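Protein chains: 2
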Amino acid sequence: MNTDSDTIAAIATAGSEGCISIVRLSGPDALNITEKISRSAKKPTGATPNTVLYAHIVGSDGKDIDEVLLLILRAPKSYTCEEMVEIQGHGGRISAARIMRRCLDAGARPAEPGEFTKRAFLNGRLDLLQAEAVQDLVKAQSEAAANMALEQLEGGLSTAFNEIYDALIHLLADLEATLDFSEEQLLLPVYDEIKTLNILIMNKIERLLKTWPQGHILREGASIAIIGRPNVGKSTLLNRLLDKERAIVSPIPGTTRDTIEESILLHGIPLRLTDTAGMRTTECHVEREGIERTRKTIQQADLILHVLDASQPLDDEMQAFWRKIQQNKLLYVVNKTDIKKYNHSENLPKNRTYEGSLLNNEDVIRLKNCIYETITSEFNLPDQPHAVISERHRDLLQLAQRSLKQADQLMKEQIEEKTIFISTHVRDAIEQIGKITGRVYYEELLDQLFAGFCIGK
Amino acid sequence: MNTDSDTIAAIATAGSEGCISIVRLSGPDALNITEKISRSAKKPTGATPNTVLYAHIVGSDGKDIDEVLLLILRAPKSYTCEEMVEIQGHGGRISAARIMRRCLDAGARPAEPGEFTKRAFLNGRLDLLQAEAVQDLVKAQSEAAANMALEQLEGGLSTAFNEIYDALIHLLADLEATLDFSEEQLLLPVYDEIKTLNILIMNKIERLLKTWPQGHILREGASIAIIGRPNVGKSTLLNRLLDKERAIVSPIPGTTRDTIEESILLHGIPLRLTDTAGMRTTECHVEREGIERTRKTIQQADLILHVLDASQPLDDEMQAFWRKIQQNKLLYVVNKTDIKKYNHSENLPKNRTYEGSLLNNEDVIRLKNCIYETITSEFNLPDQPHAVISERHRDLLQLAQRSLKQADQLMKEQIEEKTIFISTHVRDAIEQIGKITGRVYYEELLDQLFAGFCIGK
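As given, the protein sequences belong to chains A and B, one line each in that order.
So that you can map any letter, position 411 of the first sequence is 740 in our numbering, and since no number is skipped, the others follow by simple counting.
So that you can map any letter, position 427 of the second sequence is 756 in our numbering, and since no number is skipped, the others follow by simple counting.
Be aware that one or more of the hints could be misleading.
[To be verified] Residues from chain A that face chain B, not an exhaustive set, calculated with beta carbons under 8 Å:
| no. | residue |
| --- | --- |
| 1 | Gly-420 |
| 2 | Arg-427 |
| 3 | Ala-469 |
| 4 | Leu-728 |
[Unchecked claim] Straight-line C-alpha distance at most 30 Å; calculated DSSO-like pairs for lysine-lysine:
| no. | chain 1 | residue 1 | chain 2 | residue 2 |
| --- | --- | --- | --- | --- |
| 5 | B | Lys-392 | A | Lys-539 |
| 6 | B | Lys-697 | B | Lys-539 |
| 7 | A | Lys-392 | B | Lys-697 |
| 8 | A | Lys-372 | A | Lys-406 |
| 9 | B | Lys-372 | B | Lys-539 |
| 10 | A | Lys-371 | B | Lys-371 |
| 11 | B | Lys-371 | A | Lys-372 |
| 12 | B | Lys-392 | A | Lys-697 |
| 13 | A | Lys-468 | A | Lys-539 |
| 14 | B | Lys-406 | A | Lys-406 |
| 15 | B | Lys-406 | A | Lys-533 |
| 16 | B | Lys-372 | A | Lys-371 |
The set of hints was computed from the structure by calculation and includes no laboratory data.
The structure presented is a predicted model; accordingly, all values stated were derived computationally and were not measured.
The beta carbon of each residue, even a glycine, is placed where N, CA and C say it ideally should be.
Construct all of the structure, not just a fragment, from the sequences and the given hints.
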C-alpha cells in the first residue's frame with residue numbers, strides 16, 4: 330500500500346476548535362481527485378502552480394459540502410515535491426471529515442503519521458535531521474525550543490553531521506588506498522595522517538555529544554523533583570513556582586505518573602515539576618513503594634530541589650537517606666528563614682544552597698532565578714541554541730564513537746594487516762552517521778522515526 | 330479602535346494539536362505588514378491576487394521564526410472583501426503565537442470574535458443570515474446540521490426572508506399610497522388587496538416559524554431526559570444508548586450541570602441525554618433540591634423517556650408525580666419484559682409506549698428507532714433540511730408577526746384614519762425582518778451576534 334504512487338490525504342488542522350480546516354492531498358492524482366470532488370470557475374488540473382482557487386466541495390449526492398479555497402502546489406515545488414492540493418474549508422469537525430471522506434471516495438488513501446514529511450525526505454527536499462525538525466517545531470513548548478527546531482530545519486545541524494560524514498568517507502578512501510601499497514611501499518606518514526584525521530573526527534563527535542543535555546532540556550523540558558520532609562514547604566514551593574509562571578498548565582501527556590507533575594515555563598525553559606508525594610509519610614518510616622517511586626523520580630530528575638525548614642532541626646535519619654542520592658544534581662532550598670532558628674546553610678555547599686521564605690515574593694523571584702541559573706549552567710544552555718542533538722542522534726553518535734575508538738586502537742598497533750579491520754570499523758561509523766542524516770536509511774528506521782509525527786504533517 | 334481601516338490579525342487554527350497553523354490578516358495594511366515581517370523571493374505587495382508565496386517569517390532579531398506559505402488574497406476578491414494574507418506555518422502553539430506577535434508588532438491589532446465575517450457582512454459579501462451560517466458550519470455536530478448551515482450560507486434562508494421583506498415594502502408603499510386619496514376616492518378593492526397581501530405575508534411567517542424546532546434540534550441537539558424509579562434501568566438505558574452510537578463522547582461545554590449529561594448522534598441527529606440523578610432517592614421522599622433539578626431538566630427536555638419496570642407494580646405515588654409533567658413529550662419505556670409480571674402498557678398510550686428488555690440487543694435497536702421516529706415526527710425533521718430558522722430568527726419573526734396581526738386587526742376595522750397606525754405596525758415588522766437579514770442593523774446587534782463566533786472567523 331505504502332508506495333509513492335499513492336495519493337495521500339489527511340486533515341492537517343486540529344480537532345474541533347479551529348476556524349479554518351485544511352485537508353491536504355499529495356501524490357500524482359492530487360489535482361484530479363480535487364477536480365472530481367469540487368466545482369470551480371477554473372479547473373484545478375489547469376491551474377497555474379502556486380495559485381488559489383475559489384471552489385465548492387460537492388458531496389456524492391451532488392450537493393455542496395463546503396465553500397473552500399484550493400491551494401494548488403505543483404511538483405516539484407511543493408512541500409513533498411509532489412503534486413499537492415490543500416483544501417481550506419470553513420472548519421468544523423463535520424465539514425473537515427466530509428471533505429476528507431470525499432477525497433478517499435475519489436481515490437486518495439489516508440496518510441500515515443508524518444507521511445508528507447517522509448515523502449519530502451524520500452524526494453530529497455529534506456534530510457532526516459530537517460524532517461525531525463519539522464515535528465520538533467510543531468511540538469515546541471518554548472521559544473528556545475522553536476528556535477532550535479528552526480535552526481535544525483534550516484540545515485544547521487545537517488552541516489555538522491555532513492562534515493563528519495564527508496571526513497569519514499575521506500578517511501575510508503585513504504585507508505583503502507593503503508591496501509594497494511605493497512608492504513615495503515607503505516609510508517608511515519600517510520598512516521599518521523589517517524590517525525590524526527580519525528582523532529579530529531572523534532573530537533567533533535565528542536563536541537556534538539556534549540550538546541545533548543541542551544537538546545534534552547529544550548525538547549522534553551528539565552525534570553525537577555521536589556523532595557523533603559513533610560511540612561517544610563514542598564507544596565508551597567510547587568504552587569509558588571506554578572502560580573506566576575503558569576505558561577504551560579497541562580501535564581505533559583504520557584508522563585504523568587502517580588506523583589503530581591506540573592509543567593511551567595521559567596524564563597523560556599520548560600520545567601516539569603514533580604512533587605514526591607511518596608516521601609510525605611512521616612518519621613522516615615516510608616513504605617517501600619513510596620521510597621521506590623521517589624527514588625525513580627530522583628533518578629530521572631535533572632535537578633532535585635531539597636526543601637529544608639529553617640525553623641526545625643535537621644533530621645539525621647532523613648539526612649542519611651538523602652545523602653545516598655546524587656549530590657551533584659541537588660539544590661538545597663532552605664525555607665522559613667522568617668522564623669529561622671537553625672543555621673542549616675553552615676552544613677550545606679554554599680553554591681548549592683538557597684535561603685529564603687517562600688511566603689516572600691522577592692525571595693520566590695530570587696529562587697526562580699537561582700533555579701534558572703543552575704539549569705542553564707548545568708546544561709550549558711546558550712542564548713541561541715545551535716546544532717543541538719536529540720536522543721536518537723546521541724545513541725547513533727555513541728555507536729559511531731565506539732567504532733572509531735576501536736579503529737584508533739588498531740591504528741596504534743600499526744600492523745598493516747589490520748587495515749581491513751580498521752576499514753570495517755570506519756564503515757560502521759559511516760553507517761551510524763548516515764542513519765542520522767538519512768544518507769543511509771531503511772524502511773524500518775523511517776517507520777520508527779515518522780511514527781512519532783502527527784497525521785497531516 | 331474598531332474601525333474598518335484597522336488591519337486585524339488572528340490565529341485561525343486551533344490550539345496545540347494541528348499540523349498546520351494559520352495566522353489571518355485583513356485590512357488595508359495586510360500586505361505591507363506581511364512584507365515587513367517576512368522574506369521571500371517575490372514581495373507580497375507585488376504579488377498577483379490569489380497566489381501562494383514561499384517565505385520565512387523573520388523575528389525582531391532578524392532570525393527566522395518559521396518557514397511559511399503566504400496566501401495573497403486581494404480586495405475585493407477575498408473573504409472580507411479587503412486585502413487579506415493568510416500565513417500558513419508549520420504549526421505548533423509557539424510558532425503561531427510568535428507569528429501573531431510579529432503581525433501585531435508590525436501594526437495589526439488582534440481581531441475580535443467573528444470580525445472577519447463581520448467585515449464580510451459590512452462589505453456586502455454576506456447578509457447576516459449567511460454570516461450566521463458560517464459559524465453554524467464550524468459548530469455543526471452532525472451532517473444534517475452541516476447541510477442546513479451550508480444551505481443557509483448559500484442563501485437558501487435569505488431568499489425566504491427577502492421575499493417577506495420585499496412584500497412588506499410593497500405593502501407599505503400601497504398603504505401609503507392610500508393616504509394620497511381623498512376619502513371619497515378611497516377604493517375598497519385596494520384596501521382588500523392590502524389586507525390579502527398582509528395575510529399572505531403572515532402565512533409565510535407562520536410557515537417559517539414552524540421550522541424552528543428543526544433548527545433547534547439540528548443546532549443544539551434534542552435534549553432527552555431519562556426519568557423513572559430507581560433500578561428500573563435508567564442507567565442501563567443511558568449506557569446502551571451511549572455504547573453503540575458513541576459518536577460525540579464529550580459533554581457539550583457549558584451545558585453540563587449537576588446531572589449527568591452525555592451526547593450521542595442517533596442516525597445523524599445529535600441527542601443530549603440527561604440522567605435525572607435527583608430522582609434516584611427512593612420512596613418518593615425526594616428532597617426538594619432533587620425535585621427542583623429534575624423538574625428543570627424535564628421542562629427543558631424535548632423528549633422525556635419514562636422508564637418503567639415490567640417486573641414491578643406501578644408506583645401510585647410516583648405516577649401521581651409524573652402525571653403533573655408534560656404528557657405530550659413523554660415516551661414510556663417499559664423495560665425488563667424478559668421477567669415481565671405486570672402489563673403496564675394497558676394503562677399507557679399505545680403510540681407512546683415501547684416494550685422490551687434493555688439487555689436484548691434487538692430490543693435496544695428497536696428502542697433507538699422508536700426514539701428517532703418520535704423525534705423526527707415531533708420536530709418534523711425532513712430528509713434534507715431547507716430554510717430552517719434559529720432562535721434569534723424566531724424571536725424577531727414573532728415580533729414581526731405580532732405587528733402584522735395588529736395591522737390586520739386595524740384593517741378589519743376599515744377606518745381610514747387608522748392607515749397611519751397600520752403603517753407604523755408594518756414599519757415595525759419591516760424592521761424586525763430587516764434585523765434578521767441585516768438590511769437593518771446597528772452596532773449593538775452586530776456585537777451581540779458576532780460575540781458568539783470564534784476568533785479568526
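| said: For each hint given before, does the structure comply? Return the numbers of the non-compliant ones in rising order. | reply: 4, 9, 15
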